[in-house]
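K.L.:
Listed below are the residues making up each chain.
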Amino acid sequence: MEMTQVKIVECSFFIPIVRDSNLSDGLIHKLETWQKLSDELFTRFGGRTMAPGTYSGAYRDPNTGLEVTDESRKFYLAVSENSLDEVRQLLREACDWFQQKCIYLSAAGQVEFVTKP
Amino acid sequence: MIKGISYFTLRGRVIDLSLLDAEERAAVTDLIAKQRSVTEMTEYSNYYMPALSSLYLPRGLTHRQITETVVWKIAQDLDGRLMVAADMARAPDDYRDSFESVIRSDYPTQKAFCDATGLTEDLVSHVLARRKHLAIDTLSEALRRIGYRLAIVPIERV
Numbered sequence: 001m002e003m004t005q006v007k008i009v010e011c012s013f014f015i016p017i018v019r020d021s022n023l024s025d026g027l028i029h030k031l032e033t034w035q036k037l038s039d040e041l042f043t044r045f046g047g048r049t050m051a052p053g054t055y056s057g058a059y060r061d062p063n064t065g066l067e068v069t070d071e072s073r074k075f076y077l078a079v080s081e082n083s084l085d086e087v088r089q090l091l092r093e094a095c096d097w098f099q100q101k102c103i104y105l106s107a108a109g110q111v112e113f114v115t116k117p
Numbered sequence: 001m002i003k004g005i006s007y008f009t010l011r012g013r014v015i016d017l018s019l020l021d022a023e024e025r026a027a028v029t030d031l032i033a034k035q036r037s038v039t040e041m042t043e044y045s046n047y048y049m050p051a052l053s054s055l056y057l058p059r060g061l062t063h064r065q066i067t068e069t070v071v072w073k074i075a076q077d078l079d080g081r082l083m084v085a086a087d088m089a090r091a092p093d094d095y096r097d098s099f100e101s102v103i104r105s106d107y108p109t110q111k112a113f114c115d116a117t118g119l120t121e122d123l124v125s126h127v128l129a130r131r132k133h134l135a136i137d138t139l140s141e142a143l144r145r146i147g148y149r150l151a152i153v154p155i156e157r158v
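Residue numbers (the numbering used here), protein chains in the order written: chain F, 1 to 117; chain A, 1 to 158.
Bear in mind the hints are in silico, worked out from the structure with no lab data behind them.
Be a bit skeptical, because a hint or two may be false.
What the hints assert, rightly or not - DMTMM-like mimics (lysine to aspartate or glutamate), calculated; alpha carbons at most 20 Å apart, straight line:
#1 30/F / 106/A
#2 111/A / 87/A
#3 36/F / 21/A
#4 111/A / 100/A
Unchecked claim - Listed next, the stretches of chain A that the computed footprint assigns to chain F, with coverage defined by at least 3 CB atoms under 8 Å from CB atoms of chain F:
#5 21-28
#6 48-61
#7 110-124
#8 138-146
Stated by the list, open to error - Which chain F residues stay away from chain A? Per the calculated CB distances, all over 12 Å, these:
#9 7
#10 24
#11 25
#12 27
#13 31
#14 40
#15 41
#16 43
#17 52
#18 66
#19 71
#20 87
#21 108
#22 113
On a predicted model such as this, the values are computed, not experimentally measured, just so you know.
For glycine and all other residues, C-beta sits at the position ideal for the given N, C-alpha and C.
Bound conformation, chain F alone:
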């Protein structure tokens, strides 16, 4: 009998440390928002690893056309390949919790931007 091995892939994503200033107020997140993310990552994927410090980046806001710089926290997950849709679903929800237009996700070497539905 042939056994199929489930492929485990590494995902990482960035959560900006402030709310989007167009969608919201540009303030740092409430503690409970980060705690909700931790709860959900633990519940749905059994945990996560956080990278130390923050990451600076820049992008062009699709709504305003202006360049925006931001500072983010980076999270890592190791998930089965067929759980990637669950990661995307969580990040769609996180767009709402963290008041972001999109969240940068890198999964198995591919980058995508997860947006609110």
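Knowing the structure of chain F, use the given hints to seat chain A on it.
P.N.:
Then chain A, alone, in the frame of chain F:
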């Protein structure tokens, strides 16, 4: 944070540690020691989840059930103190944060919350946007209708 057999969270919640079993109390002691020893907050953030998995998964709890335990709440509170100290998160110091939390956790929509409390949607929107305050008697009555009450709690140092 700890006074006698009570743990005080940043939100002012009091947790009675005497209700925990010996392993859970040892885990709390370990988490506090770890939180105090780290030089970078992610050291602790990456520590508490595996620590609580080791404690609770052998007892048959699911990951969701672990997040509902008192020890998880303490572990997260300790993490939260580091985040607030590093200016990575806002401490819950405004009643409107708690107000927003109740809406998000207990009601599917803001309208459902307004229907339950008797507050107008316009007023609630202004309060959540930090443009207005609620009079204390209005707030008390609205909270009473949905099974909450106001409380005065000590300020927790981060």
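K.L.:
Work down the list of hints and note, for each, if the structure agrees.
P.N.:
Here is how each hint holds up against the structure:
Straight-line distance between C-alpha atoms of residue 30/F and residue 106/A comes to about 18 Å, which keeps the hinted pair within the 20 Å bound. A hinted pair counts as satisfied when its Cα atoms are at most 20 Å apart, and residue 111/A with residue 87/A does not qualify at roughly 33 Å. Under the criterion of a C-alpha separation no larger than 20 Å, the hint pairing residue 36/F with residue 21/A is inconsistent with the structure, at around 26 Å. For the hint linking residue 111/A to residue 100/A, the alpha-carbon distance of about 13 Å falls within 20 Å, and the restraint holds.
Restraint check on the region 21-28 of chain A versus chain F: 0 residues with Cβ-Cβ distances below 8 Å, three needed, restraint violated. Only residues whose beta carbon comes within less than 8 Å of a beta carbon in chain F count, and the region 48-61 of chain A has 3; three or more means the coverage holds. Counting residues of the region 110-124 of chain A whose C-beta sits closer than 8 Å to any C-beta of chain F gives 0, which falls short of three, so the coverage hint is violated. Chain F is given as covering the region 138-146 of chain A, and this is violated because 0 residues of the stretch bring a CB closer than 8 Å to a CB of that chain, at least three being needed.
No beta-carbon of chain A is positioned within 12 Å of the beta-carbon of residue 7/F; the least distance is around 22 Å. Not every CB of chain A lies more than 12 Å from the CB of residue 24/F, the least distance being 10 Å, so the non-interface label is violated. The non-interface label for residue 25/F is inconsistent with chain A: the shortest C-beta to C-beta separation is roughly 8 Å, within 12 Å. At roughly 7 Å from the closest C-beta of chain A, the C-beta of residue 27/F falls inside 12 Å, breaking its exclusion from the interface.
Against the 12 Å criterion, residue 31/F falls within the reach of chain A, whose nearest CB is about 4 Å from its own CB. Some Cβ of chain A comes within 12 Å of the Cβ of residue 40/F; the nearest lies about 9 Å off, and the non-interface call is violated. The claim that residue 41/F is not at the interface with chain A is violated, since a C-beta of that chain comes within 12 Å of its own (minimum 8 Å). A beta-carbon of chain A is positioned within 12 Å of the beta-carbon of residue 43/F; the least distance is around 5 Å.
For residue 52/F, the shortest C-beta to C-beta distance to chain A comes to about 5 Å, within the 12 Å cut-off, and the non-interface label is violated. Remark: the non-interface label on residue 66/F is consistent with the geometry, its nearest Cβ contact in chain A lying 24 Å away (cut-off 12 Å). Non-interface call for residue 71/F relative to chain A: violated, since the shortest CB-CB distance, roughly 10 Å, does not exceed 12 Å. Every Cβ of chain A is farther than 12 Å from the Cβ of residue 87/F; the closest lies at roughly 15 Å, confirming the non-interface assignment.
No Cβ of chain A approaches the Cβ of residue 108/F within 12 Å, the least distance being about 22 Å, so the stated non-interface status holds. Non-interface status of residue 113/F relative to chain A is upheld: no Cβ of that chain comes within 12 Å, the nearest being about 23 Å off.
Hint violations for this structure: numbers 2, 3, 5, 7, 8, 10, 11, 12, 13, 14, 15, 16, 17, 19, all remaining hints satisfied.
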